[in-house]
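2 protein chains.
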Amino acid sequence: MEIERRSGIKCYERSIENVLSSVLVTSDFWKIVKDSEEVLVLVSDIINVLEEKGYLEETNGKISLTDKGKQLIESMKLYEKTSFECDSCEGRGISIEEHKDLLKEFMRYHEKRPKPIRKYDQGFVTPSTTIARISFMMEKGDLGGKRIIVLGDDDLVSIAAALSGYPKEIAVIEIDSRITDFISKAAKEIGFDIQIHERDLREPLPSELVGRFHTFFTDPPETLKALQLFIGRGITSLIGERCSGYFGLTRVEASLEKWREIQRILLDDFKVVITDIIRSFNKYMNWDYIKETKAWNKSTKWIPEDIWYTSYLYRIETLSGTKSRNERVDEDIYQDVESSTS
Amino acid sequence: MEIERRSGIKCYERSIENVLSSVLVTSDFWKIVKDSEEVLVLVSDIINVLEEKGYLEETNGKISLTDKGKQLIESMKLYEKTSFECDSCEGRGISIEEHKDLLKEFMRYHEKRPKPIRKYDQGFVTPSTTIARISFMMEKGDLGGKRIIVLGDDDLVSIAAALSGYPKEIAVIEIDSRITDFISKAAKEIGFDIQIHERDLREPLPSELVGRFHTFFTDPPETLKALQLFIGRGITSLIGERCSGYFGLTRVEASLEKWREIQRILLDDFKVVITDIIRSFNKYMNWDYIKETKAWNKSTKWIPEDIWYTSYLYRIETLSGTKSRNERVDEDIYQDVESSTS
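Line order of the protein sequences matches chains W and F.
Counting from 1, one number per residue, gives the positions in the first sequence under this note's numbering.
Counting from 1001, one number per residue, gives the positions in the second sequence under this note's numbering.
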């Protein structure tokens, strides 16, 4: 149908329903994307088509239902998309109360950190997200006394981990020299010997990083190629069975079709098990280059006022039979039809 | 090795580590099972072997480290298994604040409900778990104005859903006439026409329940056969694409090997996508027939003082290409080597 033709992304009846249920709660494009849990590019095309058909209207960058739209919603018996996210833990289920001091120390680095740049699809999470990651990894037994590697670290997870004092060893692979410099300086201040490898993850892992770690953490661009590459490198870095890996995945730039495909790859190709998928765990700060992105062009050109870009946190575990991948990749890994923020 | 020979369940080094990290925090068998996230039968065999080897000792049903055990933990550099579960939402990330009145109304039924019996592997969740399920389904857009079916309802989800007034239609399939009678009486009191089908899920779904619902909820016994059967029936009951299903899965009676296999079945056979896996979502009340179970025999024979049996909540969604199953099953679905509570 018309919407699919425009976006190139599968549009279900439920996709339209999710957008309309969200418009019942907010007139803000970014919040509609967040609440509807549909791919941004698709949300934009759904809104445009519903506008053309007279169900929605846009005034000063705000989206609302027309009378015809209200009738439609009445006839569909749609309910508002209501969030029941717990305030105390921001919906993660993980308390950071016991890591309050860690958060304070981490803030000192967070405030001085290099700004995200578009070239590497950067964009970083809130400090409380980072500390919640540390708390969760600690709860799972993946951090205390363990060797951990961070694959791409614009969130500065390595600095928070070093400040916590929990891990036995921390390594970072990062392509951006502004970030490796920053982490290197921080590591000296903290007095934790973070091993920093400034390199491109498309290159195979060097032998000293293969089969060495208990835990990896990564937050890849959301094309299938990038997900496969980053997670494959992560598994390659692990010692063997019952080691763990963490990565983020949004609904903003990854459709449920893509989710299914990445899950199939995890199960069938890598033969790992998924132990946790926690919604809205990773909350991203708004970033400066938003106006240069496709997301902006597809939006109502109204600067986001609140956090709107969030991702699910996946945790996987290796088992007997788990397979990894370490071959070179030469292609572009940053863009597909569902991408919008890079 | 010795432990695997006894339990028939794969024992990793990490399994032993998880048990020992938990013994650092508690001497209570049931809490060790909960914290270690290893299969109960395996935990029991690990403890026994570690006792025989002089690392652990048991006094009056309480488990503790011997001096030799303390040295071992020192040399392994093990950290305590610490939980950072959020108190406000009991670690689910979902607040039930806005459904306080619903919880109160539900309690009136909860207090009068039939006791769980062993024959059907019953055991029910806390009332706040049930209300959190309602809140979560509501947030996901799976309940308001929708048709929902509950496959096996000893948790009385149907009563909570009816009290909420959210769904358009509620159906229940339940084998135990004590429960169907109870729900039927409650439905009349509430004035919500819950369709009750007293039948065995091993029988195929009758045609009037096939392809009718938007959402299913089920909490199967944890053998692969039962999981496959209940989820297959659930998917069969759904209308089509972008409908959802919910089910629970423990680590107490399901190893990560079993988790991987059930995930493979979801992805490869049913071709659904997993959207959420939320730890410790379902918290089970302690039940009377515990002393008749294998779990009791494998335990230190000390009555559980706290909630210890919890499960992860899975949410799945159907997509284009999803397949279902509705054939008859004749085998025993209640027992496998990892089972202990039925």
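Treat the hints with care, since some could be wrong.
Stated by the list, open to error - Cβ-Cβ distance ranges computed for the label pairs, FRET-style:
1. K68(W) x K1115(F): 25 to 31 Å
2. E241(W) x D1181(F): 34 to 40 Å
3. T1066(F) x S207(W): 37 to 43 Å
4. K323(W) x V1025(F): 30 to 36 Å
5. G1321(F) x K68(W): 33 to 39 Å
6. Q335(W) x L1024(F): 45 to 51 Å
The hints are simulated quantities; they were obtained by calculation from the structure and are not laboratory data.
Quick caveat: nothing in here was measured; it's all calculated off a predicted structure.
A virtual CB, placed ideally from N, CA and C, is assigned to each residue, including glycine.
A quick look at each hint next to the structure:
1. K68(W) x K1115(F): 25 to 31 Å: This hint is violated: roughly 54 Å between Cβ atoms.
2. E241(W) x D1181(F): 34 to 40 Å: violated, 49 Å
3. T1066(F) x S207(W): 37 to 43 Å: Given about 41 Å between the Cβ atoms, the range holds.
4. K323(W) x V1025(F): 30 to 36 Å: Given a distance of about 35 Å, which is inside 30 to 36 Å, the answer is holds.
5. G1321(F) x K68(W): 33 to 39 Å: With Cβ atoms ~34 Å apart, the hint holds.
6. Q335(W) x L1024(F): 45 to 51 Å: holds, 48 Å
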